[in-house]
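Visitor: In order, the protein sequence lines correspond to chains A and B.
Just so we're aligned, residue 1 is where the first sequence starts under the numbering used here, counting upward by one.
Just so we're aligned, residue 235 is where the second sequence starts under the numbering used here, counting upward by one.
Simulated from the structure, these hints should not be mistaken for laboratory data.
All C-beta atoms, glycine included, are put in the ideal place defined by N, C-alpha and C.
Check the hints yourself; a few may be wrong.
[Claimed, not checked] Each pair of labels, with its calculated beta carbon distance range:
1) A:197 with B:492: 35 to 41 Å
2) A:119 with B:359: 47 to 53 Å
3) B:516 with A:197: 43 to 49 Å
4) B:478 with A:229: 23 to 29 Å
5) A:229 with B:321: 44 to 50 Å
6) A:220 with B:461: 33 to 39 Å
7) B:325 with A:220: 45 to 51 Å
8) B:491 with A:230: 35 to 41 Å
9) A:196 with B:365: 23 to 29 Å
10) A:84 with B:362: 46 to 52 Å
11) B:489 with A:229: 35 to 41 Å
12) B:336 with A:119: 48 to 54 Å
[Unchecked claim] For lysine to aspartate or glutamate, the following EDC-like pairs were computed, each having C-alpha atoms within a straight-line distance of at most 16 Å:
13) B:354 with B:297
14) B:347 with A:201
15) B:450 with A:95
16) A:210 with B:297
17) B:450 with A:201
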Amino acid sequence: MLQEEKKEVQPPQIEGMANSFSRRKFFGIMGGAGAAIAVAAASCRKATPMHNNSGVDLGSGDTGILNYAYALEQLEAAFYTQVIKTPFSGINDMEMAYLKDIRDHEIAHREFFKAALSSKAIQDLEVNFSKIDFTIRDSVLGTAMAFEDLGVSAYNGAGSLITNPDYLTIAGKIVSVEARHAAWVRDMVKAGSFAAMDVVDMNGLDQAKKPDEVLTIASAFLKTKINASNLPTS
Amino acid sequence: MNLQNIFSEIEKTDPEVYDRLDTRRNAMKAFAKTSGRIAIASIPFALGSMFQKAYSSPTAPTDIIFDTLNFALTLEYLESNFYIKAVSSGIIPSGNALTALTQIRDHEDEHVKFLTTAIKAAGGTPVSFTADNFDFTAGGAFGNVFSDYGTLLAVAQIFEDTGVRAYKGQAPNLISNNDYLTAALQIHSVEARHAAHLREMRQAAGFLVPSGVTVKPWITLNQSGIGTSAVQASYDGEENVMQAGVTITNIGGMDISAAAASEAFDEPLSKDEILAIVKPFIKG
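The following block holds chain A by itself, in its conformation from the complex:
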């Protein structure tokens, strides 16, 4: 199950984005890693979903979805743990306090899923943060923004894959906290961008992404390969 399979992720396609000046400008504000996630996200509609049968199997049914959430929370918790361990240059008191809060929330989410899944929980994942410069504010906050928006879209997209109403409520309890994080981080990156048009559409709806799309983006930050092939699709 853990055999290595050398299969590279496709490079992000950026066609269709080149003539969007405001978006480019917006990405310019974000750090490199955050921009990379955003571009990967935007190109994802065209990318072939990864049907990778090697790697850590998330499992099937509601357990699979909970493990999927557990994987994302592991990624976020690891990121903020590093952010607090090596604060970026010029961090102010409020940023430090709120980023610590967010770290604690993500750790609480991670540990909750680990406890709830018990023997069905996937292993600890190894992360790859080589694209993030933790000393630079833009890089850290840009990545944080991308992770939070991705998390919101992941929970929104996973809700319909859950069959147990109690698990749906748990996911709902977490996603609105991720949205609060996203709003604050976005405001730190660019004042007033808490619900800007790159995340909220013309109907006032936030994004919703399916696991394939989310994991394609998240995999750039994970050394451990994830196998989502047994997850429910509807």
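Fit chain B to the supplied structure of chain A, relying on the hints for placement.
Guide: Only chain B this time, still in chain A's reference frame:
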């Protein structure tokens, strides 16, 4: 979405589809008639409604779904009308504050339109309200809501935090229908973004009661930072640190305070609890 492809696929699996739907041309025409007036994101609902007439679908909207969507629509009308008055009150400082409240106003209006369209498209009857149906002073509890900026932001915060709890509580009622559930979740997280931003605005402006309390973008214990017990029902229960039988405080040997444990999970409220909270704002 390519409608012709959808019809072609259906033809393959059910050659008699046009006996059920008349003809392909008429089906397209009937659909175009509705879809010309509706938002793109509502098209799945409109399509669903059309085919529901031809097939009795297990995911057809039920009374509980229509009731839930109309409940959501009622709250969106409340918010939308509130922000229309707020933005035109003249007391919101121009610049970032006015821009933010204008954007939130527009989102709430979009939610009203989206839910109305979705309910209609599925064959239901949407509720409808006007500004005259609401009393934003809540019977005098917030008498200066449109003349005092601090009160205005406090009421906005209550509406958003309460809205988040309302959608969260209703999600299980939509579990049988993926489209409605996903749309409701997509609104839910936007309300949470609004709530976070309004809380930032109140903290930055120093409008918090009791003085010294911190209102962060996330909800700490059951604190509102608002100096009237009239709002407490919107926050009670948020201090919960037990999730699905698991204690979150210091979970897994990690240093997680009760405050952080409460912040990490937002809590739902039932329809009755929400109705009790918004009742003072609805006339009659």
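Visitor: With reference to the structure, classify each hint as holding or not holding.
Guide: Each hint tested on the structure:
1. A:197 with B:492: 35 to 41 Å: holds, 38 Å
2. A:119 with B:359: 47 to 53 Å: Holds, since residue 119 (chain A) and residue 359 (chain B) (Cβ atoms, about 49 Å apart) stay within the stated range.
3. B:516 with A:197: 43 to 49 Å: violated, 32 Å
4. B:478 with A:229: 23 to 29 Å: About 27 Å separates the Cβ atoms of residue 478 (chain B) and residue 229 (chain A), which means 23 to 29 Å holds.
5. A:229 with B:321: 44 to 50 Å: Hint holds: Cβ distance 49 Å, inside 44 to 50 Å.
6. A:220 with B:461: 33 to 39 Å: violated, 47 Å
7. B:325 with A:220: 45 to 51 Å: holds, 47 Å
8. B:491 with A:230: 35 to 41 Å: Holds, since residue 491 (chain B) and residue 230 (chain A) (Cβ atoms, about 37 Å apart) stay within the stated range.
9. A:196 with B:365: 23 to 29 Å: Given a distance of about 28 Å, which is inside 23 to 29 Å, the answer is holds.
10. A:84 with B:362: 46 to 52 Å: Holds - the Cβ-Cβ distance for residue 84 (chain A) and residue 362 (chain B), about 50 Å, lies within 46 to 52 Å.
11. B:489 with A:229: 35 to 41 Å: Since the Cβ atoms of residue 489 (chain B) and residue 229 (chain A) sit about 37 Å apart, the hinted range of 35 to 41 Å holds.
12. B:336 with A:119: 48 to 54 Å: With a Cβ separation near 51 Å, residue 336 (chain B) and residue 119 (chain A) satisfy 48 to 54 Å, so the hint holds.
13. B:354 with B:297: holds, 14 Å
14. B:347 with A:201: The given pair, whose Cα atoms are some 13 Å apart, holds under the 16 Å limit.
15. B:450 with A:95: Answer holds: residue 450 (chain B) to residue 95 (chain A) is near 12 Å, not above 16 Å.
16. A:210 with B:297: Cα-Cα ~28 Å, so violated.
17. B:450 with A:201: violated, 26 Å
Of the numbered hints given earlier, the model fails hints 3, 6, 16, 17; all others are met.
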